[in-house]
Every structure is written in structure tokens, then in C-alpha cells.
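Protein chains in written order, with the numbering used here: chain A, 1 to 230; chain B, 1 to 449.
Check the hints yourself; a few may be wrong.
Just a few of them, taken from the derived set where beta-carbon distance is under 8 Å, the chain B residues facing chain A [claimed, not checked]:
(1) Met1
(2) Thr2
(3) Ile6
(4) Arg9
(5) Asn10
(6) Arg12
(7) Gln13
(8) Asp350
(9) Val442
(10) Ala443
(11) Leu446
(12) Gln447
Not close to chain B: a few residues of chain A, all C-beta gaps over 12 Å, as computed [as the list claims (entries may be wrong)]:
(13) Arg12
(14) Gln149
(15) Gly209
Ranges between beta-carbon positions, derived for each pair [as the list claims (entries may be wrong)]:
(16) B:Ile432 with A:Glu193: 43 to 53 Å
(17) B:Ser15 with A:Glu79: 28 to 38 Å
(18) A:Val72 with B:Pro420: 36 to 46 Å
(19) B:Gln447 with A:Lys188: 24 to 34 Å
(20) B:Leu431 with A:Gln182: 37 to 47 Å
(21) A:His10 with B:Gln447: 18 to 28 Å
(22) B:Ile330 with A:Gly46: 43 to 53 Å
(23) A:Ser117 with B:Ser15: 25 to 35 Å
(24) B:Leu327 with A:Asp63: 50 to 60 Å
(25) A:Ala35 with B:Ile330: 54 to 64 Å
No lab work stands behind these hints: they were computed from the structure. Note that CB positions come from ideal geometry on N, CA and C, so glycine has one too.
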Amino acid sequence: MAPPVIQLEHVRKRFALPGGEAVPVLDIESFAMAAGEQCALEGQSGSGKSTLLHVISGIMRPDAGRVVIDGVDLVRLPEARRDRVRADKLGLVFQQFNLLPGFTALENLLVAMSFGSGKADRSRATDLLAAVGLADRLHHKPAELSIGQQQRVAVARALANRPRVILADEPTASIDPAHQQQVIDLLKTTCSEHDVALLVVTHAPEVAGQFPRRLRLEDFNRAARAGASA
Amino acid sequence: MTLLGIAWRNIRQRSVTSSLTALSLALGVALVVATLVTGGIVKQAFDSGSGLGYNMIVGAKGSPLQLVLNSVYFISRPIENISWSFYQEFLPAAERVDGADGRFAASTATAVPICMGDYYRSHRVVGTNAAFFSRLKRGNGEPYRFAAGANFTDDDFFGGVIGAAVAGTLGLKVGDPFAPTHGADDGAVHDPFYVRGILARTDTPIDRGVFVNMEGFYLQEGHAKPLSDGAVAGGGDGENADSTAGSPPRVDGQPQPLPYDQREVTAILLETASLPGLPPELTSMGLRTTINEGREAQAALPIAEIRQLLDLFVKPLELLLLLVTTLVVIVSAIGILVSMVGSSLERSRDVAVMRALGARRAHVLATVLFEAILLAGFGGLAGWALGHAIVAAIGPWITTNAGVSASIFSGSWAEALLVPFLVALAIAAALIPAIAAYRTDVAKWLQGG
Chain A
1 MAPPVIQLEH
11 VRKRFALPGG
21 EAVPVLDIES
31 FAMAAGEQCA
41 LEGQSGSGKS
51 TLLHVISGIM
61 RPDAGRVVID
71 GVDLVRLPEA
81 RRDRVRADKL
91 GLVFQQFNLL
101 PGFTALENLL
111 VAMSFGSGKA
121 DRSRATDLLA
131 AVGLADRLHH
141 KPAELSIGQQ
151 QRVAVARALA
161 NRPRVILADE
171 PTASIDPAHQ
181 QQVIDLLKTT
191 CSEHDVALLV
201 VTHAPEVAGQ
211 FPRRLRLEDF
221 NRAARAGASA
Chain B
1 MTLLGIAWRN
11 IRQRSVTSSL
21 TALSLALGVA
31 LVVATLVTGG
41 IVKQAFDSGS
51 GLGYNMIVGA
61 KGSPLQLVLN
71 SVYFISRPIE
81 NISWSFYQEF
91 LPAAERVDGA
101 DGRFAASTAT
111 AVPICMGDYY
121 RSHRVVGTNA
131 AFFSRLKRGN
141 GEPYRFAAGA
151 NFTDDDFFGG
161 VIGAAVAGTL
171 GLKVGDPFAP
181 THGADDGAVH
191 DPFYVRGILA
201 RTDTPIDRGV
211 FVNMEGFYLQ
221 EGHAKPLSDG
231 AVAGGGDGEN
241 ADSTAGSPPR
251 VDGQPQPLPY
261 DQREVTAILL
271 ETASLPGLPP
281 ELTSMGLRTT
291 INEGREAQAA
301 LPIAEIRQLL
311 DLFVKPLELL
321 LLLVTTLVVI
331 VSAIGILVSM
341 VGSSLERSRD
351 VAVMRALGAR
361 RAHVLATVLF
371 EAILLAGFGG
381 LAGWALGHAI
391 VAAIGPWITT
401 NAGVSASIFS
411 GSWAEALLVP
421 FLVALAIAAA
431 LIPAIAAYRT
441 DVAKWLQGG
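If we strip away everything but chain A, and leave its shape as in the complex, we get (with noise of 0.2 Å):
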């Protein structure tokens, strides 16, 4: 088995509650993925899923525990530091897309290229935005864009540093049923032809029915069960 892209050990997050009452989120004894895997998470709401996103990308740091990605801990790491692995070695899909309304879709790729280690390389941007099926639109900025399209580019755009994961927040969330469809497979396709890691979170069954791997949050995240049976 190809070693692990993301593991987890111990990782422990509380919330404080405004009362000052911490409230756990978090409490995973154990999570992985390797290369290439494609896995689903499900959880209802409320149970930590995209705590659980933050966490593994560096956004925020857990209380406890260790996250590794690509074998750097992020734990441990500066907070400028844990940026710079996120930007080379994570892309983001969020639920709202999340492009930058001001920037082109070329310029959306530039922008993510330009955080990380390497060269904000145009000719890659274009060759992306173009696999994506949007060789003609490289110039039109987001609100000129179909929703597809969009969300298209923000797929281009989690690729552009060659990342060994991409992390996607409720990719079908915000879209209708006949894009669904569209995005699960753009997702996994590019993926599998980039040999990248994916983690899709999704509160729908027949999303994560598409997946080899599929999870339920609440099966290895311990605080996820004392809330669901509180």
C-alpha cells in the first residue's frame, strides 16, 4: 500500500462556548489516506466535518494530536510555515466555489500559484483551465461564468500547485442536480489523472455512494458520537 498523504493520530479540538464551557469536536484516534485514494466522508451536520477539513489543512491548528501531510507534521510547524505546505501541497474546493470575483479564471490560478513554492506558471494555468473544458473562457471573470464553469475553475484552481491532496468542502451543495453529476466526475477524474488524494465531504448518499471508500464521520470521531447519542 502507497504511503500515507494524510494521517492523523490522537488530534483532539474543543470549541470554547461563549459561557466559557469547551465543547469537544474533535477526537480522532486515527485517520489516513494514501496517494491517489478517493474517499468520502459523511457526517451530519454538526458533527465536525469541516472542522476536520480545517484542521487537515493547516487553517487551524487541533489542541491535541499530530497531522501529518506528505510526512510534514503541521502541528508543529510555524503558522507561516503551515501555509506555505498548504499551498503547495493542498487544494481547497469549497461548497460556494469561493473564486475571487475581481480576477479572471486564468488569473484565479495564477493568484493560488502565486502563495505557493513555485512560479506562477501561465502556460500551466491555461493548459488546466483549458483540461477543464474552459480553454475559452480563461479571460471571463467569475459572475461571467456558469455556475458548471465555475466550478470548474475552482477545480483548475485546487490543481494549480500540483497538490498531492485536494480536500472538497460540499462540492454539490450549492449546485443542482444535473451539475452534481458533473463535478463528482470532474473531481475524480482529475484526480485520478493527476494521481492526487481526495477527500470529499458530503452530506448526500449518493455522492458518497460513487466513492471506493466511503466514511461516516461519527465511526472514528469520538466526539462526533457523544454528541450524536448526547
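Let chain A serve as the given structure and place chain B on it in line with the hints.
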């Protein structure tokens, strides 16, 4: 894509707000530039009074400042006249009819009389003699130069010399006649004088002056001092003149000079001499005291009067204007702050996205500061250009009225600090939104704000 490029994109994304912010900055800076340049021009106008080849002005009793403003800058009204005999007191024996040195001749190097009160199309007419242009200076010790023609001679009674601004405005050429009016533009029209010379530009009030031979000036209607009852006109060469009311006395068809006892002068421009054993300053101080203690006239030191005027009025006014305009710039900089804080909601989402893409906190901080720098830089430069365009637009008016050249290139050293100051101010103003961007809670905004 560089951080500067990202900042520029952000500015373009909010093009309306950014344009309005830059415009308000530009207007503020234009106001400051115009104030600085005009302040410089005012100072230059008054500083041009130095190095004119005389250090004292003698005139009728009254305000010394009025005497200086009228005699040097051709503004304000003449006080009164002083007698021809008092003027004679400054002349050496060779230049006097009685063959004796005047009372103040030993303290005088040069004495040039001027007579004022007439106008030629809103330009002041100054009656004087040829020594005005041959012995006085154009400023900074430089002799007068003629762009065309030459100085009039003392026996050319109706010869005149015009300043560069007058020639430019009225289109007069050498040989052209011009008839001054008495007292004001709508006063009685005098006999014509003829342009003998056009002065090269001096950037002093001289540029807007019309100078005529005082012998011709005296012969104009209303310029001869009325004789007291029983007195007989005497002096000069006018004893045998055939004088009829309204026309100059003539002998064999030639105009004759006005008798001395019918003459007055408005002021005397004096270059004092050093008395034996005394430094020049003490000589001029002594002469000034003697004249001022007398009943007939006063002596004023133009440089001292102007310095006092600058210190009392011009400098405080300039400071006040500068303070007001600086406040305008500060308010404009606050406009940057308001504009950026106003767009902080929109920015927070974009910042969160950029941070999720791997941007460090320093990146987003720098991007916001770059936005402020670009806005201040462009707004400042546009305002600087606009300020100079305003000065250039009103330049001809300034040149005509102040006798000082003002062009698009007129400037002040303080301007060099203006844009850097504005940029520094903008950076300070942008620190609040920049720090807010720095502290953006990425997770919160990614989950929908």
C-alpha cells in the same frame, strides 16, 4: 501574480469607490500644490524688490508700506507728492541750477524721481527720467535689457518704455503711440507718448509698468502744480514758453519743460552713498532719520518694509493656507480608511479565500497596504499634475498682475515631500483595515461568515 498585481486587481474590482477616493486625494493634493506654488510666487513677487539698485524711497509723509507698495510694486495709491525743490536736495551741484550741492547730495549715490497717477489701459504710468533704466537695476543687481528698441533720452519728452507684460498684453511695438489717461482708465486722455523701447522680461512688477519721460509727463493737463497767487513761474527753460491752457508750452513749435516751481514728484528712489569714515548702513540710517525728522517727507527702506509685510501677513497667511490644505489631505487620507473599512466585509471573504489558498498573513497585510499606496500614489500624482495645470491656467493672469512668471513648471521644494507624505499617511490610514485583514478568521469566513 505579484502582491502588487493582486492589490491593483482589488482596486479595479472596486473601481467606483477607488476612483472617488483617488479623486478626493487628487483634489486635496492639487489644492496643496496650488497653495505652495502661489505662496512661492507671492514671495518671489516681493523678493523681486531686492537688488533694484536703490535701498531707500523718499516720499510724502504717511504709511511707509504704502510708499513702498506704490513705488516698487505699483499697487496701492500714491500718498501725496513732494516738492521738486526737496528732490533737488539729493542732487550734486552739477545737476542743480544754483550750482551748489543739495543738502543730502553727499549721502546720495543715485536719486531717480518718479511721478505717478496716470494709467494706460489699467497699467500704471510712471513718469521718470532716463536714469531709471541706465542707473537702476532690474533686480539681483542685473542691468535692464531691452527686448526691442532702447531707453528714451531725457530730451525726448514724449518717449516711453514699456514692460514685457504690457507689450505682451497690449501688443505695442516700438514706435507705437499710446495716450495715458489722467488718474484712471476713464480719466481725461493725455497727449500720446511713443514707445522707444520694450524691456526684456524681468519677472518683477516692472514688467507691467509703462514708463514715460517725466518732462512729457509734466506737460500733460492737470500735472502742473498750480502757482500760488502772485507767484511767477520760474526755473527750467520754461520762462519764455508760450503756454496755453490744455497744451504744452512751446517755443518755435518745440515743447518746453515745465518750470521747476510747478513741478512735484511722487517719490525718489535713492541709492545712498557712504559718507567719509562711515559704513553705508550708518549713512543710510542717518539720512533716513534726518528725513523722517523733517516735516516735508519720509524715507522708507523697501526691503525692511517688505520683510515686515511678509512676516506680519504673508507668512501667517501662507501657513494658515498650508494648514488648511494639509487638513484637506489628511481628510482625503481618512477617505482611504473609510473606503477600505467600508469594503472590509467584501475583503474579509476574499482574504479568507486567499489564506485558504496558502497566502500568509503577511501577504494579505501587504496587499491591503499596497492598495493604499497605489491609491495614494496615483491620487497624489494626479493631484500634483492637476495643481500645476491650475497654476499654468492662471499663469498669464499672475504674470500680468504680479509681474512674476508662473508656468506649469513653477514649483516649490515642499512639493517633493507631498506624495511621499501622502503615501505615508495612506499607509497609516490603511493599517486599521490591513490589521483587520491580517486577523481575518479564515475558518469562520469559509463556513459562510
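Going down the list of hints, with the structure as the test:
1. Met1: holds (4 Å)
2. Thr2: With a closest approach of 7 Å, the Thr2 (chain B) hint holds.
3. Ile6: holds (6 Å)
4. Arg9: holds (5 Å)
5. Asn10: holds (6 Å)
6. Arg12: Hint holds; Arg12 (chain B) Cβ to chain A Cβ min 7 Å, cut 8 Å.
7. Gln13: Gln13 (chain B) check passes; min Cβ-Cβ to chain A is 3 Å, inside 8 Å.
8. Asp350: holds (6 Å)
9. Val442: holds (5 Å)
10. Ala443: holds (5 Å)
11. Leu446: Given a least distance of 7 Å, the restraint on Leu446 (chain B) holds.
12. Gln447: Given a least distance of 6 Å, the restraint on Gln447 (chain B) holds.
13. Arg12: Per Cβ check, Arg12 (chain A) is outside 12 Å of chain B; nearest 17 Å; holds.
14. Gln149: The assertion about Gln149 (chain A) holds, with a minimum of 18 Å to chain B.
15. Gly209: Its Cβ never comes within 12 Å of chain B, the nearest being 26 Å, so this holds.
16. B:Ile432 with A:Glu193: 43 to 53 Å: holds (46 Å)
17. B:Ser15 with A:Glu79: 28 to 38 Å: holds (33 Å)
18. A:Val72 with B:Pro420: 36 to 46 Å: holds (43 Å)
19. B:Gln447 with A:Lys188: 24 to 34 Å: holds (25 Å)
20. B:Leu431 with A:Gln182: 37 to 47 Å: Since Leu431 (chain B) and Gln182 (chain A) have Cβ atoms about 45 Å apart, the given range 37 to 47 Å holds.
21. A:His10 with B:Gln447: 18 to 28 Å: holds (25 Å)
22. B:Ile330 with A:Gly46: 43 to 53 Å: For Gly46 (chain A) against Ile330 (chain B), whose Cβ atoms are near 49 Å apart, the range 43 to 53 Å holds.
23. A:Ser117 with B:Ser15: 25 to 35 Å: holds (33 Å)
24. B:Leu327 with A:Asp63: 50 to 60 Å: Holds, since Leu327 (chain B) and Asp63 (chain A) (Cβ atoms, about 51 Å apart) stay within the stated range.
25. A:Ala35 with B:Ile330: 54 to 64 Å: holds (57 Å)
The earlier numbered hints are all upheld by this structure, with none contradicted.
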